[in-house]
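S.K.: Just so you know, the sequences run in chain order W and G.
Plus 40 on top of the position in the first sequence (first one is 1) and you've got the numbering used here.
Plus 40 on top of the position in the second sequence (first one is 1) and you've got the numbering used here.
Source of the hints: derived by calculation from the structure; they are not laboratory data.
Small disclaimer: the values here were computed from a predicted structure and weren't measured.
Among the hints, erroneous ones may be present.
Chain copies aren't distinguished; within one or between two, either way the pair holds.
List of simulated lysine-lysine pairs, DSSO-like, C-alpha gap at most 27 Å [claimed, not checked]: (1) LYS172 with LYS509; (2) LYS146 with LYS97; (3) LYS227 with LYS97; (4) LYS97 with LYS145; (5) LYS542 with LYS145; (6) LYS485 with LYS42; (7) LYS172 with LYS542; (8) LYS171 with LYS42; (9) LYS543 with LYS235; (10) LYS145 with LYS485; (11) LYS392 with LYS235.
In case you want the letters, here they are:
2 protein chains.
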Amino acid sequence: MKTIAALEPLTTRLLEIQRINSAASVLSWDQETYMPAGGGQARAEQIAVLQGLAHQKLVSSEIESLLSQWVDPETGQAIDQPGDLWDEPSRSLLREVWRDFSRAKKLPSDFVIALSRECSLAQQVWVEAKKKNSFAMFLPNLRTVLSFKREEAQYLGYTDSPYNALLDGYEPGATIATLEPVFAQLKARLVPLLKRITQSRVHIDDGFLRRSYAHTSQLEFGRLVLTAMGYDFERGRLDLSAHPFTTSFHPTDVRVTTYVHEHDLPSCLFSCIHEGGHGLYDQGLDQQYYGTPLGDSVSLGIHESQSRLWENCVGRSRTFWRFFYPILQQTFHDQLGNVSAEGFYTAVNCVKPSLIRVEADELTYNLHIMLRFEIEQDLIEGKTRPEDLPEIWNRKMEEYLGIVPPTDTEGVLQDVHWSFGAFGYFPTYTLGNLYSVQFFEQAMKEIPHLEDQIATGQLTSLRRWLGQKIHRWGRMFTPEHLSRRITGSPVDPEPFLAYAEKKYGEIYQL
Amino acid sequence: MKTIAALEPLTTRLLEIQRINSAASVLSWDQETYMPAGGGQARAEQIAVLQGLAHQKLVSSEIESLLSQWVDPETGQAIDQPGDLWDEPSRSLLREVWRDFSRAKKLPSDFVIALSRECSLAQQVWVEAKKKNSFAMFLPNLRTVLSFKREEAQYLGYTDSPYNALLDGYEPGATIATLEPVFAQLKARLVPLLKRITQSRVHIDDGFLRRSYAHTSQLEFGRLVLTAMGYDFERGRLDLSAHPFTTSFHPTDVRVTTYVHEHDLPSCLFSCIHEGGHGLYDQGLDQQYYGTPLGDSVSLGIHESQSRLWENCVGRSRTFWRFFYPILQQTFHDQLGNVSAEGFYTAVNCVKPSLIRVEADELTYNLHIMLRFEIEQDLIEGKTRPEDLPEIWNRKMEEYLGIVPPTDTEGVLQDVHWSFGAFGYFPTYTLGNLYSVQFFEQAMKEIPHLEDQIATGQLTSLRRWLGQKIHRWGRMFTPEHLSRRITGSPVDPEPFLAYAEKKYGEIYQL
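Pulled out of the complex, with its shape left as it was, chain W reads as follows (with noise of 0.2 Å):
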């Protein structure tokens, strides 16, 4: 049997990619928390300068050679000699990076150069427009990216639409075929729920929540929760950003980042029980297979999944609380002092219609996503113009949750993503949210007593139990096969759905 021993020409290259890559991260890390204002031209051309080089090295000769002679480029799967098989890590190591390198021989370096040049740029203008509410000055940053991921789909080729091209960067498998009738499924039963639940006569207070938190002891408490998790500060940091977010450089140093919003309780803390989610799965990747795919997180949409299910399936239950919110009551006495536990576990899970994606309640959070999913469709088609997007995002905003944002900083502008040319993206949020169901309730399942050790603040054997089906095998299996492995199955609604039509049903006495 051939191990990956023997692909050592092959993996020391990819090591070096990697570090160059990682690089780059600290470089993104730095411009997103500490980098001064008036750097970021240079820092986008540095950036550039680095993803080129790795994207040249991928492409170049040496690991062209050395992937033919192990892979069948017309299946993309190793090439087994009678008698001398291939180890399954060989095998889907290979396969990955095949993956990987046919997609990336399909952009030319100059390309990819100026792509990552255009969305430094795009993203810095679009945090300036977001500030001033200003989506003319974003516009054009906008149409220059969304031109250049447009021509990368047309490099990449697809079947069907080039927006599946993009979307299998992030969830390999995914098309819009794929997604359309998890959407349709989602639709058909959460618009009734949400009906049901503004129809219905319970009211919950959740004004106590946008009372006077300090800024450093929301910081500690995030940072309790996530030691708690098991997130490990000896390879990591806890740092402050515009849009919370998790990098990683190797599993020894993966940093997830916050904001602090005084009068808003829950942005801090669920943003830092969800990046630590993120957090987790970096930090629990194989080391021993740094700069290979098994060393590297399998997709989006299974990434989002362990964010999700901390931030809700853990992060927003009765169980979980039931240890940490008399914590959360001594450091803020006199904000919470008469709250009771019961009503902070119902306001932090009230759902109403509101504007913002990342402070939407677990419900309404998925409409978020289809409307984003809908017109990033458009554009990558070219049916929408970039300039008509304000009003399209407004129309959509009344059609699916019945409100229209006042300003474009709470409407289109909102969202990094697309400035950073991320078309494609959105819909792994709402795998995630899937996915996070039917793993949590698998390790409901297999874990004795963990609703007995969330109760009591003991968040290790979860923690445990995620490494061992999922972090440490990287992209090891498909999206697809790992949640069969797991569950059984693959993505499937009915989980999430059944699990929000009973927790909101008992919460809203439906």
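Once you've looked at the hints, dock chain G against the given chain W.
M.R.: Then chain G, alone, in the frame of chain W:
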């Protein structure tokens, strides 16, 4: 006349190399400021890959063949075709690129990568060893780095001593032969001056500098002085690190660091002013030449002249504190309310032999350097074994300063430099001291009412003068040529000695 535009194929390549080097600098900055402890090993590898790439690209056949059209390899000077001469910037650019290229060409890329990795690792071990006061812990890494640096000197080639090869990397043109007389002259005048000071009946009370000074207020005052100096926070930041330093990724992103010790007011204060002087140089480099030697600082000695000019000639002058002391007093009313401006001035100019170089007064500082200069020569020449360092260090401390460090942390382990292979770096500090007085005296002659300006907190015309005379030129002139252009003279200990004798003669009533 041929201009730099004719060198475009070369400058494009240099720009790419600079961006890679700048990326490596971001990674190093992060390593010293925010990186979690666990990330060190991976970071060393990432930086090594980037430095290896930058090296490979510099010594590439493309650059070699471009240079061979334009530069005479015998003289290292631009080749002029009759009737088609290069302009001065092009001539300087070619001379300096040739210098960098021919130094780099002598080093194998594998050697550069391995050296970078070992230096990053040794630096991290040094941090721990210093904390734990364990020279033994650091010794294996020191041995490795030292043997690499000795090998580097062999690759580079040299006359007289391998140390000269390393020295030339930091201070082009400097050799042991040029430096020894400078140090001899300093020693001949400073040692007797020091003796007269220690025998003086003047007693300076500086005990109040060790009172408790709040962390945030120290930092705020540092920031205030930096702003007054003209350091641009839109293109820079102030952070904390174990050792203060300045690093630049581009003139639009130049970062300084400091440290804050509650019971040591001068450490944050003067390190901010010092690093600010470095920062102004890097922010003042000409952006249009970024990536070429004309957009780079000329030498460490000249760089240090900028930091020492601000720290000492400005920051330790009576004139400066005429404006800033009332503000400082207001900031620290409880601690400084009963200390007069004159009392503060003499306290921050108190001369006494001390253990730590970076905290030394202007006078004994050069004795600290002399000791390092001698030790590192012997190390590189193989006359001293690394294991004997603590003993040699302590003996020389006794000899030059009359005191012996009680621990290696306060002795041979105090400086970071040797850990990252910076042998030949220390003498540039003394060159900086000498240049700083030469330049400042010239500024006093050329800027009308400079003293009045400083006395009223107006520091920008000094910054502008330094920008005009030094910063904007990059490496257009050699350090010696630059010094002659500005002051009419090369580096010269006399002005510094006269300044020191006058200043301390007055303070100590000699």
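S.K.: Compare the structure with each hint and give your call.
M.R.: Outcome of the hint check:
Neither within a single protomer nor between protomers do LYS172 and LYS509 lie at most 27 Å apart by alpha-carbon distance, with minima of 45 Å and 41 Å respectively. Within a single copy, LYS146 and LYS97 get their C-alpha atoms as close as 14 Å, and across copies as close as 25 Å, so both meet the 27 Å cut-off. Proximity of LYS227 and LYS97 under a CA criterion of 27 Å is satisfied in neither setting, with 44 Å inside one chain copy and 55 Å between copies. Taking the closest pair of Cα atoms, LYS97 and LYS145 come within 27 Å of each other both inside a single copy (10 Å) and across two copies (23 Å).
Taking CA atoms no more than 27 Å apart as the test, LYS542 paired with LYS145 passes in neither setting, with 48 Å inside one copy and 70 Å between copies. Taking identical chains as interchangeable, the C-alpha atoms of LYS485 and LYS42 are never at most 27 Å apart, the minima being 37 Å within one chain and 77 Å between chains. When the C-alpha separation of LYS172 and LYS542 is checked against a cutoff of 27 Å, the pair qualifies neither within a copy, at 42 Å, nor between copies, at 57 Å. Taking the closest pair of Cα atoms, LYS171 and LYS42 never come within 27 Å of each other, the shortest separation being 56 Å inside a single copy and 47 Å across copies.
Only within a single protomer do LYS543 and LYS235 lie at most 27 Å apart by alpha-carbon distance; the minimum there is 15 Å, versus 83 Å between protomers. Taking CA atoms no more than 27 Å apart as the test, LYS145 paired with LYS485 passes in neither setting, with 44 Å inside one copy and 63 Å between copies. With identical chains, the CA atoms of LYS392 and LYS235 are at most 27 Å apart within one copy only, with a shortest distance of 10 Å there and 80 Å across copies.
The structure fails to meet hints 1, 3, 5, 6, 7, 8, 10 from the earlier list, while all remaining hints are met.
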